[in-house]
Structure formats: structure tokens, C-alpha cells
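Residue-level listing of the chains:
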Amino acid sequence: MDRARIQDDLEALAAEGRPVPEESPAEIEVEEQAAEEEQVEGEKDKKKKEEEKPRENGVLVLDHLKRGFHLDAQLNSDQVVAAAEIADRAGLSLEAVTGVDWLKEKKFEVIYDYALYAADEDLFRVVVRSFIDRDNPDIPTISGIFPGANWHERETWDLLGINFTGHPQLERFLLPEDADFHPLRKDYKP
Amino acid sequence: MSRLAQSQHYETFDINLGPQHPATHGVLRVKLTMDGEYIVRAEPVLGYIHRMHEKMGENRTWAMFLPNPSRMDYLSAIAFNHGHVALVERAAGIEVPERSEYLRVIMVELNRIQSHLLWFGAFLLDLGGFTPLLYAFDDREKLLDLLEYVTGSRLTYCYFRFGGVYNDLDDEEVFKTGVHEFIARLRSRLPMYHNLVTKNIILRKRLEGVGPVSVEMCRKYGATGPVLRGSGVQFDIRKNEPYSVYPEFDFEVPVYEDGDSKARYMVRMDEIEQSMRIVEQALDKLPDGPIMPKKAPKLIKPPKGDYYFAVEAARGTFALRTVSDGTNTPYRMKVRSPTFSNLSLFEEASQGMLLADALAFMGSLDLVIPEIDR
Amino acid sequence: MGKENIPSSVVPSSLVHFAPLEKLLNLGRANSLWPMTFGLACCAIEMMSAGGPRFDLARFGCEVFRPSPRQSDVMIVAGTVNKKMAPAVKTLYDQMLEPKWVIAMGNCAISGGPFVFEGQYNVVEGVDQFLPVDVYVPGCPPRPEALFEAIMELEEKITGKRRWPRVEAV
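Residue numbers (my numbering), protein chains in the order written: chain A, 1379 to 1568; chain B, 36 to 409; chain C, 895 to 1064.
Any given hint might turn out to be false.
[Unchecked claim] Simulated crosslink set (DSS-like; lysine-lysine; CA at most 25 Å straight-line):
no., chain 1, residue 1, chain 2, residue 2
1, B, Lys274, B, Lys255
2, B, Lys339, A, Lys1564
3, B, Lys336, A, Lys1444
4, C, Lys977, A, Lys1567
5, B, Lys339, A, Lys1444
6, B, Lys336, A, Lys1564
7, A, Lys1484, B, Lys339
8, A, Lys1485, A, Lys1564
9, A, Lys1485, B, Lys339
10, B, Lys177, B, Lys211
11, A, Lys1567, A, Lys1482
12, A, Lys1444, B, Lys274
[What the hints assert, rightly or not] Computed list of chain C residues with no C-beta within reach of chain A, every gap over 10 Å:
no., residue
13, Leu918
14, Leu919
15, Phe949
16, Val958
17, Gln965
18, Lys984
19, Thr985
20, Met990
21, Pro993
22, Gln1014
23, Tyr1015
24, Asp1022
25, Val1027
26, Pro1032
27, Val1064
Treat the hints as calculated values from the structure; they're not laboratory data. Where a beta carbon is used, it is the ideal one built from N, C-alpha and C, also for glycine.
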């Protein structure tokens, strides 16, 4: 398994989805040092960046001992299927799909955890994340590529209300069938 | 799928297995579409013991979540606790004294033996043999005495703290003697189990070739633990992503190629032996020293960002992902439980299986329902 | 005379009491309480331990765990009941034959236990909200000895007197 290749593939994917600076001045401020930034590893830089402005799409190489994963790719929501294909080609397996509710930013973050389960190699973890609009939480399903994603996505829809378009069975999973709420949303009040 | 089910002349019928059924080990429900004795579709229905662990992770401080992981998977509770404290230690940058790491490993491995012993008894109960359950419980009680001596509780432990463990051994010699006695006893009993059960022709006929799970299926569904190792992948977080002091021990990862229920059975039986080896080495090497760091932080505020930590629990990879917003409560606490992924392949793997075989297959996945539902 | 003339709701379950016979029957019931095999969560493992070789529930005539509610006398609610499971528990209780008893084992069955917090959305805060509970066993989980004490309490409730010596705390 070629780790550098996964990184290259994901970076190419992220670059495709990066907005051209002139066209979207209001949405995301594009930094000049984008290329440099991708290579910078470590937490301090990321922390600083997160405080200032939303992170730009791209791949970060992280310190595994500090964070628990090796690659962190942020992509557009329509690219997660392509990312799943990259992971599938590289022989990674899907560990979990989950979501985070960013109430203040009016965003949902959808996180895909991939890991390499191989006998003779050290574990390699790739995180793919994507931000979607909180009022319109649609993201394509990857259950066509990883059938195991079926349950994870169903659970994420159940608890957070993230709509995985194309999912074969987006029904109540952990909650009773007649539940009409998504409890892990930060604005949920019983 | 059986040929009958594909033909339109035959009708299928639905039955409900559970949520109260002795073979589902708790409150799992399986919606079965049957064609006679053959399964056309088996859809597990979850949520009958959903206990809001992820919500609880968000609305309390990091330390107040300590008792929760042991109630997710009450059989390998200590391994789950280990995952949680190690995650917070990683996030907040807390150093753990060496003695504590050794004590943790000893406790986790004893707990793993306990879990596999209980699974051994309960699995054979599913298959119709009652006697092995009594033997397994006999051994398990001896082990629980040792665990209780150190941790103070029998089942739902809360022994670990951020930075170390709650309590040092009262009397190291008493504990060491107890563990050595137990290991000697279990070593003498394991051959008996193998003679009594493993070589039994009825057991072999019920397990061999039943419920084959391929490597590819494991990968697509994210199955880990004995399921993956029973399919021929020698993967273990303790070896492949070493944490704590596991690199210091000499142990093997048992692996079987067949991918059937028998392979998973054998993996667990061999893991008991390997865990005993780890415990023995850890007891020999157990260093003196403090059990908590000198400056154990009272208030835990990890820096912003998300953190991930995975440990090898008795049933597979248990991982926690937490998102910290820099305050003293987690912003998000996601639990990745091993059996959730292991069970998700049941629907595909059980197609066309006999109902009785499907129950043997389900038992060989070693389900703990509160950990699936969380 | 037709049975249909009397509304069934006004007829008590046993209209005529034969005191000595009742006593005899109750003694028999107390000596052979058959629990239902019904594990929900962590407490179920301690319930299994209680039936195991060291603690040996059989000493009290209580070891015959029945998988079917039709054959069991006492329901040990061992674990958390949530809103999805509650209708199933109620159905199981309704399927049991009279006379029947309920033991709420563990904090979750008593009050929801550690899973009660402000804003909780899924846990039933105590099975006594929909079942008549006879004995409560606190603990998280209770030790097998505590379950034994519950069985003895139940026997006392059935027969009117305690048949085993009470162990005082030292």
C-alpha cells in the first residue's frame, strides 16, 4: 500500500474542489500560502488557523502520537464518494462515519474514518471531513462503495439529521420508529 | 440465497427473533424473512438498549464520563476505560507513570480473559451445551476475585483515572500469588476444555464451515477483532498501532485462515493463552514508583481540535473520537464500537443460511448489545 | 346461571379462600420461584453469575430460568429499559401467568440510574412507571448476594414469614 499515493490522490481531489479566488470572495478567504500550508504539520498551526478563519480544503499530515490519525483531508461534500473510492482502491477499510453539529457556524461536519487493517504493516488512519450547510444537510452516501457505511450513516441521520442522499434505508435506527427529533443536535431540547 | 427463495412459487414468511430471546444475548431483534428453514433476509433491528452515551459525553466534564465506557461493554469494561483515559491523556498531554501503565495492561488482559471465558460459556449455551457454562463461570469467579481485589468492583469497573490508576495494589505479593495460582489453574483447565468441547464432534459439525466471512467482507464492513483474525488477517491494534506498554511484551496474535465460526472460536481460545502470557510478563516486570503523575491536572481542558484513540478490546477495535472546543466539557464524543461493525456484516453473511446455523454464527460474533446501541 | 351475567371485572381472581390451602400453595410458590431468562444489560451478567456455580441460585429453588414468560413466576428486570424496549417489557409481563412478581434489579430498573440527566430523551426512569414492582435491588450492578436477598424478601412477601436467617451487617 502506497501511503504517499493516497495523500497525492486526496490532495488532487481537494485541489479540484477548492474555489477559484475571484469567484468566491465572500465565502472563504483564500490564503496566499495555501501550498505551503498543506505541508505544515503539527497542531499549533492548525489551531491558530481555526481560530482565525475556516480551514481551507486540503490535506494535512498530522502527528499521529498527538492526534491519533495520520492524514486529515477536508473536501467538498460532493467529493466524499470519490474519496471513498480512493480509500477503497488503497485497501483501507471504513471504521466509522459520524457528524458534528457546529451550531454557531451553522454547519454540520461529516467525518469519515478510514484505517488500514493489514497484517504486516503499521496502522494508517485517514480522516476525510466535509462541511455542509446546517439548513440543508445533504451529502451523498458512500454505502455503495463501503456497505458497512450503511449503518453508520443511518445512525448519523438518526442522531444528527444529516441527510445522506441515495442511502437505501434512511430510517430510524437507534431511536423508536416514531421519534421526531435528532437528539445530538446542539439546539435539541426535549 | 437458496434456490427455493428465488423461485416465485414459494412463499416466504417473517419471524421476529427478539428483542427478548435467549440466543441474542440481550435485546437485539432480528427481523427474519424465512423460506422454510433457510434465511432469505435477516435484518438486525437495534436501539432496544440505546442509552445516550454520546449525549452524556457532551453534557458533562471529561472526568464525569469515566464510569460510562464500562457500561457500554460490560464484559471488556477495563479495555473501554483504557480507551477513554488514553484519549483524554493524548488530548490534554498527560504523562502516565510506568507503574500505572503496567497495572493497566494487567487489568485489561485479565479482563479480556474474563470476557472470553464468559463468551465461551454463553456461546456453548447457544449451541445447546449447558455444562461448559458452569465450568467457565467457575473459572471466571476466581478471576473476578482478583479484579475485585484491585479495582473494588466485579463488573463495571472505574479503576483508571486521567494520568494513572485510582488505587495501588494493597499487597503486591498477595495479588501476584493469586494471579499465578489462577493462571496455573486455567492452564490446567484449558486442555480439558479442548478435550471436552473443541474436539467434540457435535461442536465441530455445528461450527466448521458455518458463517464464512471473507477478508474482503471484513474490510468493506470494518469488522475487527477475532472476526478479522478468524478470516486470516493477523491484525491487532496492540501490535499494529502499539499503545501503552504493549511493545515491551512478547506475545503472538493468533490467526486462523478459515473464516468460519470455528476459526473465530479458536482465535478466542488462543487469545486466552496469549493474555495469560502478557499478564505473567507484566507481573515480572512491574516497576515500583508512583501511580499518578506528580502534577495530575485537576481541571482538564484539552486544546481545540479533534482527537482519536483506538484500543484493542475483547471484541475488536474500540475507538473514541472527541472534538474539544477548549472548555472543560467535550464538544462531541463519538464512540466507535467494535461489535457495531462486526454485526453489520450479519445481514449479508447470513443469506441462505439455516436458522440454527445463523444463531451459531451470531454467537461466534460475540455480541454485547449495549455496546452496539450505546 | 350464565357466567355472562356477571361482569368479569368485578370478580376477584380468587373468590373463595381456603386459608390452609392458600398457605400450602404459597409455600410451594415461594420454594420454586421460576425467573424468566430476560437480560437487558450489565445486571444480566450478575444474574447469570447468581445462577452460576459459586453462588448457586438453586439452593433457593430459584434456578429454573425459563425463556418463556408463560412458564415463569418472577420477572427480574435486570438492566436499563428505554422507550423502545418498554412496550416489549410490558408485553412480556402481560404474558406471564398469575400469580407473578417483579424484581427491579439495579439502579437503572429502579430509577434510570446513571442514565438520567436533564434533557435525557430515551430512558424510562424506573420500571415501576409501568410495572408493579415487588422488590427493588439497588446497585450498579448489584452483587449476586443482593439478588439472593431480593429473592428471600420476595419469599417473605409470599409466605408472610422469613424462612432464612437474616444476616446483620457486622
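Does Tyr1015(C) clear chain A by more than 10 Å, comparing its Cβ with all Cβ atoms of that chain? violated (5 Å)
10 Å cut-off, C-beta based - Pro1032(C) kept clear of every residue in chain A: holds (26 Å)
Take the C-alpha atoms of Lys177(B) and Lys211(B), compute the straight-line distance between them, and say whether it is at most 25 Å. holds (14 Å)
Do the alpha carbons of Lys339(B) and Lys1444(A) lie within 25 Å of each other, as the hint requires? Within the cut-off at roughly 12 Å; holds.
Hint check: Lys336(B) vs Lys1564(A), CA-CA at most 25 Å. Holds or violated? Between Lys336(B) and Lys1564(A) the Cα gap is close to 20 Å, so the pair holds against 25 Å.
Are all C-beta atoms of chain A more than 10 Å from that of Gln965(C)? Holds: least Cβ distance 29 Å, greater than 10 Å.
Compute the least Cβ-Cβ separation between Pro993(C) and chain A, then decide whether it is above 10 Å. Its Cβ never comes within 10 Å of chain A, the nearest being 32 Å, so this holds.
Take a quick look at whether Lys1485(A) and Lys339(B) sit within 25 Å of each other, Cα to Cα. holds (17 Å)
Asp1022(C) clear of chain A by more than 10 Å, beta carbon to beta carbon? Its Cβ never comes within 10 Å of chain A, the nearest being 21 Å, so this holds.
Is the claim that Leu919(C) lies outside the interface with chain A correct, judged by CB distances over 10 Å? holds (41 Å)
Verdict on Val958(C) as a residue remote from chain A, using beta-carbon distances over 10 Å: holds (33 Å)
Over 10 Å to the closest beta carbon of chain A is the bar; see if Lys984(C) clears it. holds (14 Å)
Consistency with the previously given hints fails for numbers 22 and 23, ordered from lowest to highest.
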